[in-house]
Amino acid sequence: MKKLILLVAFVWTAPLAAQDLGAPVPVGGEVEATEEDEGGLTGSVSYEGRLDDLGIAIPGFATDVDKPTPANASGTGALGRELGRIVFNNLKNNGLFKPAGPDSLPQPTFGQITAPQWATWSNRGAEMLVHGYVRARGDGKIVVGCYLYDMALQSELVRGGWIVDPGDWRRAGHKCADLVYSRLTGESPFFDSRIAYIAETGPKDARIKRLAIMDSDGANHRFITTGRATALTPRYSPDYRKLMYLSYVDGNPRIYVYDIGSGRQTLVTQSTNPTFAPRWSPDGKWILYSMAVAGNTDIYRVSAEGGPSVRLTNTPGIDIGGSYSPDGRKIVFESDRSGEQQIYVMDADGGNQKRISFMGGRAATPEWSPRGDQIAFTHIAGDFNIAVMSPQGGGFRRLTRGWQDEAPTWAPNGRIIQFFRTERGTGRTGLWQVDLTGENERRLPTPVDASDPAWGPILP
Amino acid sequence: MNRLLASVAVMGGALALSACKTTAPDTLPPDPIPTTTATGTGGQTVNQGPMVGSQAHFEQAVNGQNVIFFDTDRYNIDSADAAALQSQAQYLARYPTVTITIEGHCDERGTREYNLALGERRANAAKNYLVGLGVDAGRIQTVSYGKERPVALGSDAASWAQNRRAVSVVIN
Chain A
1 MKKLILLVAF VWTAPLAAQD LGAPVPVGGE VEATEEDEGG LTGSVSYEGR LDDLGIAIPG
61 FATDVDKPTP ANASGTGALG RELGRIVFNN LKNNGLFKPA GPDSLPQPTF GQITAPQWAT
121 WSNRGAEMLV HGYVRARGDG KIVVGCYLYD MALQSELVRG GWIVDPGDWR RAGHKCADLV
181 YSRLTGESPF FDSRIAYIAE TGPKDARIKR LAIMDSDGAN HRFITTGRAT ALTPRYSPDY
241 RKLMYLSYVD GNPRIYVYDI GSGRQTLVTQ STNPTFAPRW SPDGKWILYS MAVAGNTDIY
301 RVSAEGGPSV RLTNTPGIDI GGSYSPDGRK IVFESDRSGE QQIYVMDADG GNQKRISFMG
361 GRAATPEWSP RGDQIAFTHI AGDFNIAVMS PQGGGFRRLT RGWQDEAPTW APNGRIIQFF
421 RTERGTGRTG LWQVDLTGEN ERRLPTPVDA SDPAWGPILP
Chain B
1 MNRLLASVAV MGGALALSAC KTTAPDTLPP DPIPTTTATG TGGQTVNQGP MVGSQAHFEQ
61 AVNGQNVIFF DTDRYNIDSA DAAALQSQAQ YLARYPTVTI TIEGHCDERG TREYNLALGE
121 RRANAAKNYL VGLGVDAGRI QTVSYGKERP VALGSDAASW AQNRRAVSVV IN
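Protein chains in written order, with the working numbering: chain A, 1 to 460; chain B, 1 to 172.
Hints in this document: simulated from the structure, not taken from any laboratory.
Certain hints may be false.
Unchecked claim - Take a look, some chain B residues computed to stay more than 12 Å from chain A by CB distance:
1. Pro50
2. Met51
3. Ser54
4. Gln55
5. His57
6. Ser79
7. Ala80
8. Ala82
9. Ala89
10. Ala93
11. Gly134
Claimed, not checked - So the derived list for chain A, only partly shown, Cβ under 8 Å to chain B, looks like this:
12. Asp205
13. Thr230
14. Leu232
15. Gly251
16. Asn252
17. Pro253
18. Ala277
19. Ile318
20. Glu334
21. Glu340
22. Gln341
23. Ala364
24. Arg424
We put the beta carbon where it would ideally sit given N, CA and C, even for glycine.
Chain A with its partners taken away, still in its complex shape:
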């Protein structure tokens, strides 16, 4: 009895004392657009074939003067080739177009970036040409320019330019890939974004689960927690300044809000009840969490600034999770009030709760697309697979065929879904992604096993 009282007192008065955090992670700098960034739609694309047959030549970016830079030990010339590789790998790894990269192409000079040698590239069967430059500025910052040319028209389609801190040089490559992708497909960008997930090691009955983050292409990987306590289900705040996740650091499952810049973390709510399933509203002003009181789990909403929580559900069953529509007016969530896991939609204040999943089997972990037009979820019918449906519940489509695929998360543009796949028997896990056709499925490389991906929005 004494133990219990002590534990409660500890949780209430000193939640910060119990931590499982590694060294703080630096917050990235801003990416400033240069004058090149005119968003110039100076012509229409000449290509009329299938986009995945579109040949794109992406040689190394040129530099004016090969200068030393903190971004690359070999100088800005080598940095330019790395930038070209980022654009090439982003397109290639996502099954987009038919790209050729710096390692199989001649290197243009600085002067040719704005005056392409058309003959050089048309001989290589490219329909589109990406050129770029990189320059080390006097203040140490890196300036990167990116140009997309239509070979048939021999004209520029779009250009962009960015000024980044040396430590953020990869973001300029992602910005260029996003510019090319958006201009050619008409879709919103998604490469310049990050992913939070759970890194897993160890045997099935003693898994070590650590909170980790990485760029959308797996670069800049960092562990946030040490692994002493089990960490689960992270979510990036829309401004990337905070991470919410579940930790057993005090022995019980509770949601913590971790401030990336300061390395401080706080409980999402000052309650001794277990809390699960943290979610941000799209504007970052609200937090949803699920809390079990006497075994009954309901969904609560609290301001990201703190203050009182409001309970949004009150059925005698498990109501859990929650994902806001992009306009913040509705929430899709999971409930077993019908006797099994199914998906429901309610108003943001908890009103008008209505079931939308009627496709047979069970339906769990709904996530509203950032475009608003689809709900991704885990469909359970024998095996576990990723599926989509409309917010009204129609248009059910299964996208994967794994033994256990669960926990979908959307790319910032709502065209790709990431999830984790568990292997039967071994319990090994990995991150996968699939596009909305279900045809392009691939595994994301991670340093160790991985689960619970959470894809953040386009970086600010």
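The hints should help you fit chain B onto chain A, whose structure is shown.
Showing chain B alone in chain A's frame:
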């Protein structure tokens, strides 16, 4: 043998019900740690057995029934669970300073967050049953581990049945 005698002494008739367990997994979890208690029943206590109030003592006294099992996605207490919880309640009645944590667990065939909530519901179902038998609610904590801590490692029905469980653990 001595273990059985001790159990009978503690639990009385409740033990007999354990034979009726309907949802027991095909493979039962390992027996509690075997102990070799000296049979000195007189005044002298040559006590080599587990210490009163320890986890080993508790498990021995309830004849390994510190774990109860659940059907897929269920959290109800069936007759076999009830018998196990009755033996636990009798132990707690006999040793009123002992406090326990009930851990709720699930099998791997569930989504992660739902399983956390389901494990909490299972732990609370066990707790509520004990409270109904007269155990002070303040002596029982609950914690859910969802599907994070399996005891059986296979991906088959027998393993899953062993993992859908609520485990009573003495707080030291």
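So, going through the hints one by one against the coordinates:
At roughly 20 Å, the least C-beta separation between B:Pro50 and chain A is larger than 12 Å, which holds for a residue marked as non-interface. B:Met51, annotated as away from the interface, keeps every beta carbon of chain A farther than 12 Å; the closest lies near 17 Å. Residue-level check passed: B:Ser54 sits 15 Å from the nearest beta carbon of chain A, beyond 12 Å. With a least beta-carbon separation of about 14 Å from chain A, B:Gln55 lies farther than 12 Å from that chain, consistent with its non-interface assignment.
With a minimum CB-CB distance of about 18 Å to chain A, B:His57 clears the 12 Å threshold, and the non-interface call stands. Against the 12 Å criterion, B:Ser79 stays outside the reach of chain A, whose nearest CB is about 21 Å from its own CB. With a closest Cβ-Cβ approach of about 20 Å to chain A, B:Ala80 is found to remain outside the 12 Å limit, as its non-interface label requires. Listed as a non-interface residue, B:Ala82 keeps its Cβ farther than 12 Å from every Cβ of chain A; the least gap is roughly 17 Å.
Every C-beta of chain A lies more than 12 Å from that of B:Ala89, the closest at about 17 Å, which supports listing it as non-interface. Non-interface status of B:Ala93 relative to chain A is upheld: no Cβ of that chain comes within 12 Å, the nearest being about 15 Å off. Remark: the non-interface label on B:Gly134 is consistent with the geometry, its nearest Cβ contact in chain A lying 16 Å away (cut-off 12 Å). Evaluation of the A:Asp205 hint against chain B yields a held restraint, the C-beta minimum of about 6 Å falling below 8 Å.
At a threshold of 8 Å, the smallest CB-CB gap from A:Thr230 to chain B is about 6 Å, leaving the interface hint in force. Checking A:Leu232 against chain B by beta carbon gives a least distance of about 6 Å; that is within 8 Å, so the hint holds. For A:Gly251, the suggested interface contact is upheld, since its CB lies about 7 Å from the closest CB of chain B, less than 8 Å. At about 6 Å, the closest approach between the beta carbon of A:Asn252 and any beta carbon in chain B falls short of 8 Å, and the interface hint on this residue holds.
For the restraint placing A:Pro253 at the interface with chain B, the shortest Cβ-Cβ distance is roughly 6 Å, inside the 8 Å limit, so the hint holds. The beta carbon of A:Ala277 comes within 5 Å of a beta carbon in chain B, closer than 8 Å, and the hint placing it at the interface holds. Taking 8 Å as the C-beta contact cut-off toward chain B, the hint placing A:Ile318 at the interface holds, the least distance being around 4 Å. Residue-level restraint check for A:Glu334 holds (minimum Cβ-Cβ distance to chain B is 7 Å; threshold 8 Å).
At a threshold of 8 Å, the smallest CB-CB gap from A:Glu340 to chain B is about 7 Å, leaving the interface hint in force. Look at A:Gln341: its Cβ gets to within about 6 Å of chain B, closer than 8 Å, so that hint holds up. Taken as an interface hint, A:Ala364 checks out: its beta carbon lies about 4 Å from the nearest beta carbon of chain B, inside 8 Å. Look at A:Arg424: its Cβ gets to within about 5 Å of chain B, closer than 8 Å, so that hint holds up.
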